[in-house]
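Chains as they are written, first to last, in my numbering: chain A, 1 to 155; chain B, 1 to 155; chain C, 1 to 155; chain D, 1 to 155; chain E, 1 to 155; chain F, 1 to 155; chain G, 1 to 155; chain H, 1 to 155.
Note that these hints are calculated values from the structure, not bench results.
Note that this is a predicted model, so its numbers are computed, not measured.
Don't take every hint at face value.
[Said to hold, decoys possible] Result set (PhoX-like, lysine-lysine): computed pairs, CA atoms no more than 20 Å apart in a straight line:
| id | chain 1 | residue 1 | chain 2 | residue 2 |
| --- | --- | --- | --- | --- |
| 1 | G | LYS91 | H | LYS93 |
| 2 | D | LYS93 | A | LYS93 |
| 3 | E | LYS93 | F | LYS91 |
Protein chains: 8
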Amino acid sequence: MTQKIWTIYLSGEIHSDWRERITSGVSERGLPVELTGPITVHEDSDDCGVAIFGAEENKYWHDHKGALLNSVRTRTLIAEADIVVVRFGEKYKQWNAAFDAGFAAAADIPYITLHPAEHDHALKEVDAGAVAMARTPQQIVEALGYIICGKIPVR
Amino acid sequence: MTQKIWTIYLSGEIHSDWRERITSGVSERGLPVELTGPITVHEDSDDCGVAIFGAEENKYWHDHKGALLNSVRTRTLIAEADIVVVRFGEKYKQWNAAFDAGFAAAADIPYITLHPAEHDHALKEVDAGAVAMARTPQQIVEALGYIICGKIPVR
Amino acid sequence: MTQKIWTIYLSGEIHSDWRERITSGVSERGLPVELTGPITVHEDSDDCGVAIFGAEENKYWHDHKGALLNSVRTRTLIAEADIVVVRFGEKYKQWNAAFDAGFAAAADIPYITLHPAEHDHALKEVDAGAVAMARTPQQIVEALGYIICGKIPVR
Amino acid sequence: MTQKIWTIYLSGEIHSDWRERITSGVSERGLPVELTGPITVHEDSDDCGVAIFGAEENKYWHDHKGALLNSVRTRTLIAEADIVVVRFGEKYKQWNAAFDAGFAAAADIPYITLHPAEHDHALKEVDAGAVAMARTPQQIVEALGYIICGKIPVR
Amino acid sequence: MTQKIWTIYLSGEIHSDWRERITSGVSERGLPVELTGPITVHEDSDDCGVAIFGAEENKYWHDHKGALLNSVRTRTLIAEADIVVVRFGEKYKQWNAAFDAGFAAAADIPYITLHPAEHDHALKEVDAGAVAMARTPQQIVEALGYIICGKIPVR
Amino acid sequence: MTQKIWTIYLSGEIHSDWRERITSGVSERGLPVELTGPITVHEDSDDCGVAIFGAEENKYWHDHKGALLNSVRTRTLIAEADIVVVRFGEKYKQWNAAFDAGFAAAADIPYITLHPAEHDHALKEVDAGAVAMARTPQQIVEALGYIICGKIPVR
Amino acid sequence: MTQKIWTIYLSGEIHSDWRERITSGVSERGLPVELTGPITVHEDSDDCGVAIFGAEENKYWHDHKGALLNSVRTRTLIAEADIVVVRFGEKYKQWNAAFDAGFAAAADIPYITLHPAEHDHALKEVDAGAVAMARTPQQIVEALGYIICGKIPVR
Amino acid sequence: MTQKIWTIYLSGEIHSDWRERITSGVSERGLPVELTGPITVHEDSDDCGVAIFGAEENKYWHDHKGALLNSVRTRTLIAEADIVVVRFGEKYKQWNAAFDAGFAAAADIPYITLHPAEHDHALKEVDAGAVAMARTPQQIVEALGYIICGKIPVR
């Protein structure tokens, strides 16, 4: 009934292929979505600030300049998203992912979490603010298919 | 004078053909509108949560997962609408329709109610916040024709 | 740790003593709350518009004038509330209660529903936006005791 | 020059005495602050939902009900705070702390992080949005003394 | 049930005693209201700008400086009001009153109009956005008595 | 440097050809603007409510239904405008024009007034909130040419 | 008619006694105002960041830490002010004063500028957004006396 | 991954070719950006108000009319920008640039400053609110290349 292009921001883990799996999933189904996300080249994301604006002796400010620059992209794209998907992988602290979820919550943008069961208890506050919790990229694709087009998996 | 496409969200009852009648009415008149609305396949709307994210033993959480998923669509599309039409049919509680009206009111989106006279007293708070109350889909189409193009029915 | 007075708006059903039970419950526990709500004298709530501003021959406008006047109180007090409790009784349409829930949802005010199990399915969209669903006024009092003071019932 | 009472929300770790140290520090200096924060009794915070609204067989919903109830307190008090302090301890995932920081960021509430140097790199996105990063509760107290009263440590 | 002090801004006509009549009316009934409004000394309101900041040769800028200074008071107090009463007298253009009504409408502050029947047609757009239209100051007082305390005139 | 289409809402008087003069002026200069405005057929604007939703015996409600319906168009288009032009003609009360100006002011949309010198004093509050005051449609066209394209009349 | 305490933020120059003159002026007249402002001890304002959180080798980050800490006070107090007074002295760049004016403008807080005539042209954009431009602290006091109490200087 | 066109507002100094250097830089790299900014013809910017709306004897009002007219363009385009670049040259007061930075800060639009090292201390409050500080237009182009496309200069 509608021709709206839905914008989906993919936040979080950058060490597995979950973004690619969602990308190919929505493509196969022909869903009218535009997928956005942070810069996912780890080293560039760390060093962008000093590479562009000049070196810092202090590692803290090295990181700071990069993180601020990345924030321009992430905050702008999250604020424009219809839905945010927040992925927590098996490893690492991933505090930026939880930060993005909190940001989306306060900005009234619905978000879906994507994480293994082992994180359920530690993520209960983050999940409580979510509209859904998924285990697999496939479920994300199916959720988008339903939200946007009303397509539902065969039961 | 303007080329704006008006977005009209059609909320409420899913058991009669009122959406179709509005759709054909605006089409006949060539009104520049895009009609949006919830997923109207009743069973899918009830079961979408468990169909996608896994079964729940407890019926409450079964419903909860589905309702949260549907809310992504409904809240997003209501927030983007220029006008919301809220239809109350003869039967059922239809609390979701009244919820949508309250949501539109707080979000400062004008809404028009559409209901039979027998509900007038029970809907007086909902009607009080509306910009108009209609009895028939035909009146909705005429109202859109006037608001958007200044066309008025022959008197 | 804090001296904040929490404002709790009690929306919905006016035919049972649930407001009184919450009032005495929070009083017994000495919770720092201020309870607000609509005018609950049914006849006055219906007739206030014409009683003050003059009679209407048409019942629709009779109701309309009253509902608009009531909306000044209800919208103002809901907007100022920290928490809204929305009660659905066994009978009647109670669309104003669902409207208030939708209004609170869009205004980002957390709300708790209070209703019997028989309404669970029909209220699933309203419950999906709530921070909790309660069966008894006693549970509302306990929830307030925990949220505000960290008091928890003996397990 | 001003009699404003500043509200400071203390978010994050609940396993060390940092809240007490800030509380006694601001008390010693007589700073006009009101300190707020989440319920810090770990077990109650986990079980509040089921203790009040009834048991859940599924651990996910057990956690969910509790986390939603806690969110009423945390979101309300964060939204009312002038400054949020977000503490990350040595251990655990502490995703709720990062979530609170993101929430404060989107709600335009200034926040100060408090964490050991070992977390600097992992917290760079969270620190980038902060107005300051502290290593000790004493520094938080001194920062509040300066912000509110212009008191500065002897140099 | 509540101790809230309601703030009522009285906008518009400054040539009759309607403000005094509302003031004594709410006082007699002991309503918990605080009445605010513009500076009503006509000459001071016209000349305040030049009296304070220096004379202007051009009458347009003479008026402009005064009107801007008055706007600090009027906009601040309207924005803080719970309810705005907008009075249109028999004479004069009174465009500032209609301006205040439009301002309140966009700021989502409920307003009640107060005017004689002869203005009904010319004020239909202003009345359409109001929560009530009154003919007499007495009706305003009664409306406040009902909204705030649930008191209704004897029928 | 930019391809933005500026949206200009033309509010107020409907008895002279000022809208046409602005329309042809911006057309001659090829300004990238879209002009919007209310329905300007006086009789339709008065009667649209009853023509669509049914007759009212009471003239007040006759007007009310029409004014509410018109408000959907006017509020929506004003809220979407980059600039509002508010025209006051020589005659009539024109309270709706002042209402629109107040609405634009509170919604932070810049507006330009357009009126003869005889109204200067009575419109001083409305002019005080404006970004400019014009005497002729030609000046409006020139102002748009400057704001949008930096074109300035020969001095 | 009102008991409101007006909050006035005094931004800008810290090298003359203009704040003291306003303070004694409002005190003499007994105006119900609370005056707020930045920390005005120049050296502390420069060094607060490193004095509290530790030294920086790089002067840029030395300044940065201090400026961010000061921003907590200035943004919080500006956001809470009813009126901001922005003072530009004869010397220095004073970019922070112009920054505060821009901040107030976007936050819809009325501001009054206070500066000598020599700056008129360079400050024309800042003055254009102000509700008044004053030459002396005495004029600020008189403006507050009029805005708040309707007192006007003898003409 | 995204086809978003980023809008970049270039604020500040109009005496050097920094805008042209950014324009050609983003063009060479094919970045999907739209560059906007104020009218940069100095004389027109000063005189636009009187050229269009009529002469003023008083220089203050001459400037005022022009500055208000320019503000329509600058505020509208800043509010629509994804990123604001604020340039401070070697000379002049440039208070309008600092004003724009403060405006962007309060409107939650990320801004990057561009200035020589000699201004570092005087601009510390303005830099503290920025997401980056650049020394050359080339760095601005590289920052945009990274933010938008993830392109990073060779290290």
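Verification of the supplied hints:
| no. | hint | result |
| --- | --- | --- |
| 1 | G:LYS91 <-> H:LYS93 | holds (10 Å) |
| 2 | D:LYS93 <-> A:LYS93 | holds (6 Å) |
| 3 | E:LYS93 <-> F:LYS91 | holds (10 Å) |
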